[in-house]
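Here the protein sequences come in this chain order: A and B.
For the first sequence, the positions run 1 to 442 when this note's numbering is used.
For the second sequence, the positions run 443 to 711 when this note's numbering is used.
Hints may be right or wrong, so weigh each one.
Stated by the list, open to error - Keeping only pairs whose Cα atoms sit at most 30 Å apart, straight-line, the calculated DSSO-like set for lysine-lysine is:
#, chain 1, residue 1, chain 2, residue 2
1, A, K55, A, K268
2, A, K241, A, K226
3, B, K573, A, K434
4, A, K226, A, K66
5, A, K335, A, K298
6, A, K434, B, K557
Think of the hints as simulated: they come from the structure by calculation, not from any bench.
All figures in this text were calculated on a predicted structure; none of them were measured in a lab.
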Amino acid sequence: MTATINIDRIGFSAEVFEEFLSLRTEADWITQARRVAFERYCTLLEEDLDPEEFKRVDLRVFNAAKFRPAAEGADAASVSTLLADETEYGGNIQHVDGRMVHSAFSDELASKGILFGDLQTMLEQHRELLEPYFMKQAVQPDADRFAAWHAAFWTSGTLLYVPKGVEADVPLHSLIAHTRSGVADFGHTLIIVEDEARATLLEETTSAEEDTEGLHVGCVELIVGKHANLRYVQLQNWSQKTWHFAHQAGNVASEASLQWTVVGLGSKLSHIHQDVNLAGRAASAEVNGVTFTSDRQKISYYTQQHHQAQGTHSDLLYKEVLRDESRVIWRGMIKVDEAAQQTDGYQRSDALMLSGDARCDSIPGLEIEADDVRCTHGATTGRVDEEQIFYAQSRGIMENEAMHMIVEGFFQQVYDRIPIEIVRETLSRTVQGKLGIESMTV
Amino acid sequence: MSSLLKITDLHVSVADTPILKGVNMEIRQGEIHALMGPNGSGKSTLAYALAGHPNYEITGGTIEIDGVNITELEADERARLGMFLAFQYPVVIPGVKVADFIRHAISNIRNPDRKEGEGLVGMREFRKEIKARMEELGMDVEFARRYLNDGFSGGEKKRMEILQMAMLQPKFAILDETDSGLDSDAVRVVSEGLAKLSGPEMGVLIITHHERLLEYNPPKYTHVMLGGRIVETGDASLAHDLHANGYAKIRERHPEAAADNAQAEAASV
Numbered sequence: 001m002t003a004t005i006n007i008d009r010i011g012f013s014a015e016v017f018e019e020f021l022s023l024r025t026e027a028d029w030i031t032q033a034r035r036v037a038f039e040r041y042c043t044l045l046e047e048d049l050d051p052e053e054f055k056r057v058d059l060r061v062f063n064a065a066k067f068r069p070a071a072e073g074a075d076a077a078s079v080s081t082l083l084a085d086e087t088e089y090g091g092n093i094q095h096v097d098g099r100m101v102h103s104a105f106s107d108e109l110a111s112k113g114i115l116f117g118d119l120q121t122m123l124e125q126h127r128e129l130l131e132p133y134f135m136k137q138a139v140q141p142d143a144d145r146f147a148a149w150h151a152a153f154w155t156s157g158t159l160l161y162v163p164k165g166v167e168a169d170v171p172l173h174s175l176i177a178h179t180r181s182g183v184a185d186f187g188h189t190l191i192i193v194e195d196e197a198r199a200t201l202l203e204e205t206t207s208a209e210e211d212t213e214g215l216h217v218g219c220v221e222l223i224v225g226k227h228a229n230l231r232y233v234q235l236q237n238w239s240q241k242t243w244h245f246a247h248q249a250g251n252v253a254s255e256a257s258l259q260w261t262v263v264g265l266g267s268k269l270s271h272i273h274q275d276v277n278l279a280g281r282a283a284s285a286e287v288n289g290v291t292f293t294s295d296r297q298k299i300s301y302y303t304q305q306h307h308q309a310q311g312t313h314s315d316l317l318y319k320e321v322l323r324d325e326s327r328v329i330w331r332g333m334i335k336v337d338e339a340a341q342q343t344d345g346y347q348r349s350d351a352l353m354l355s356g357d358a359r360c361d362s363i364p365g366l367e368i369e370a371d372d373v374r375c376t377h378g379a380t381t382g383r384v385d386e387e388q389i390f391y392a393q394s395r396g397i398m399e400n401e402a403m404h405m406i407v408e409g410f411f412q413q414v415y416d417r418i419p420i421e422i423v424r425e426t427l428s429r430t431v432q433g434k435l436g437i438e439s440m441t442v
Numbered sequence: 443m444s445s446l447l448k449i450t451d452l453h454v455s456v457a458d459t460p461i462l463k464g465v466n467m468e469i470r471q472g473e474i475h476a477l478m479g480p481n482g483s484g485k486s487t488l489a490y491a492l493a494g495h496p497n498y499e500i501t502g503g504t505i506e507i508d509g510v511n512i513t514e515l516e517a518d519e520r521a522r523l524g525m526f527l528a529f530q531y532p533v534v535i536p537g538v539k540v541a542d543f544i545r546h547a548i549s550n551i552r553n554p555d556r557k558e559g560e561g562l563v564g565m566r567e568f569r570k571e572i573k574a575r576m577e578e579l580g581m582d583v584e585f586a587r588r589y590l591n592d593g594f595s596g597g598e599k600k601r602m603e604i605l606q607m608a609m610l611q612p613k614f615a616i617l618d619e620t621d622s623g624l625d626s627d628a629v630r631v632v633s634e635g636l637a638k639l640s641g642p643e644m645g646v647l648i649i650t651h652h653e654r655l656l657e658y659n660p661p662k663y664t665h666v667m668l669g670g671r672i673v674e675t676g677d678a679s680l681a682h683d684l685h686a687n688g689y690a691k692i693r694e695r696h697p698e699a700a701a702d703n704a705q706a707e708a709a710s711v
């Protein structure tokens, strides 16, 4: 028996798509690409999601009919940010309810040939340069129904392009915000760092109010050329009423390195598919995850470290703290192709449970076709150790304060891997906030 | 006037098994006491019960500091009243720097009304102070930046206990086998460290199987524990005698306590 799929519940119909297109002004080739993606999307909606990736992700209460792309954008000023005021950026861009509302870029960086700004504008102005990258190398539009949904409906996005040999020596900032309930935002981030170039982009997501109900179907594409270096941080801080689905992929060429930090604090339910493709000889990637869930939040990660070439190196460390009745799922895979000899792959997920009602599933996995490799993985799940609490208390530290110190210490081990001080400080402060510590005077 | 730690008829159970069966002891600030006894006699239980470990249930008797009954207080409240335990097995707290931990600790000890999130001891004076104490104890100041006891050797952990004692300046310090599992150099360092710190402001209870710590820190009183009771109290010569001759005579003189002790020792194996 074939069950009838209720398109309106799990996705957007052709009517919604046509209405969406009618509100957009964009180059024909972009619209054509959307139409191709939408066709694919309709087919994918009829197919089941990959059970390996989605069997623990409960989408039964998700109702796409509650969300639509916004007809117009909102004001830039109405959202709060964790990172924007923390340092001097070389440029910053804000997307509110799926529209780019603010963009600034330093003349100095622009004069080096770096492109930074609104994705659609950039695609139209630099089609020859950018079209070969956009949803063609890192994330494919037909990867699954969420990728196809995004490819058909992407609303706005951040583009960073750094030409060969150029260094963007100050970080850039990108903000994706929701201000109105019922808005579906399909924000896209495309970063291309050409051979021997370097850049840092800090991105955050936020909701104007704690009860703003949003849908984000995002996509992150990171393309790192030979001998290049990219540091990318995405700090997900949506309201706890937001649905967050994302396909994120990084392609790392030979001798290049990618340092990628994923932070999950907000959302009602998140599912992130994260691929790191080590495509060139001696490519390397370090992946850091900081996740802190509370109440009934559910955050799911499906990570893959794909070693495609010889002598590649990957190192993934995810740390999760769970409160209340929240749930975290981490399914990690190290995949080593036959050609990827002398590969060194590492993955680890550590979860700290602050409540007996929280639940964490950590499932590491290896798929190795080469014979000369070193791959290790591990996962731990534990409660706060009572002996640590007592030890701290015996030094005059109150039980709550001791617990908070232990949680911060737990995250410290991943902060230590994050090479950007303001990110470490912001995370530490934000975690303290979520722990309920009013102010920490230094 | 010197403070007094007074333990009266203390009964303590662990997981509903009675371990301490009526312990009496009085320690004044400035006095050094040695607590000796065979395995299973209840020495560490007394140490944990004094510090306020939640698994050590006080089923009878009292612990008082200067007449204030602390029996029902949490470990952190006792610490703020001047109680300190140097752990036999110091606990590792990954990701928490030694300096941050001690700074929080002394902020609470010196400002007992402090609430979480309120001001800490000033950074500049704290740095100066911890550096001085570390130098006195022959410690590399780099240790302040390391994570608490994480990857420390046995000797480094014990030295870290002494450093915390030096920073917290307790009225009453209990050293639970601080000299165990150390090589002779480390025992000397810890012994000298304690000797520098103890003085008229500190009452010390040294739990030990060895003589070295007591050579540097001669006790005014030596208590012998057997079967959950203090069966004999003497001076430093009693400690010396026990080291030389063991507990056979003590067991002969206190057959009932010896029987209890044998039972407890058998149960713990």
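ask   = Under the criterion that the straight-line Cα-Cα distance not exceed 30 Å, is the pair A:K55, A:K268 satisfied?
value = holds (18 Å)
ask   = Does the structure keep A:K226 and A:K66 at a Cα separation of 30 Å or less?
value = violated (44 Å)
query = Would the pair A:K241 and A:K226 pass a check requiring their Cα atoms to be no farther apart than 30 Å?
reply = It is violated: about 41 Å lies between the C-alpha atoms, which goes past 30 Å.
message = So if I understand the rule, the pair passes when the alpha-carbon distance is 30 Å or less; does A:K434 with B:K557 pass?
response = holds (18 Å)
ask   = Hey, A:K335 versus A:K298, does the alpha-carbon distance stay inside 30 Å?
value = holds (26 Å)
request  = Sort out whether A:K434 lies within 30 Å of B:K573, counting only the CA atoms.
outcome  = Judged against 30 Å, a Cα distance of about 33 Å means the pair is violated.
In this structure, the earlier hints numbered 2, 3 and 4 are contradicted, and the remaining ones agree with it.
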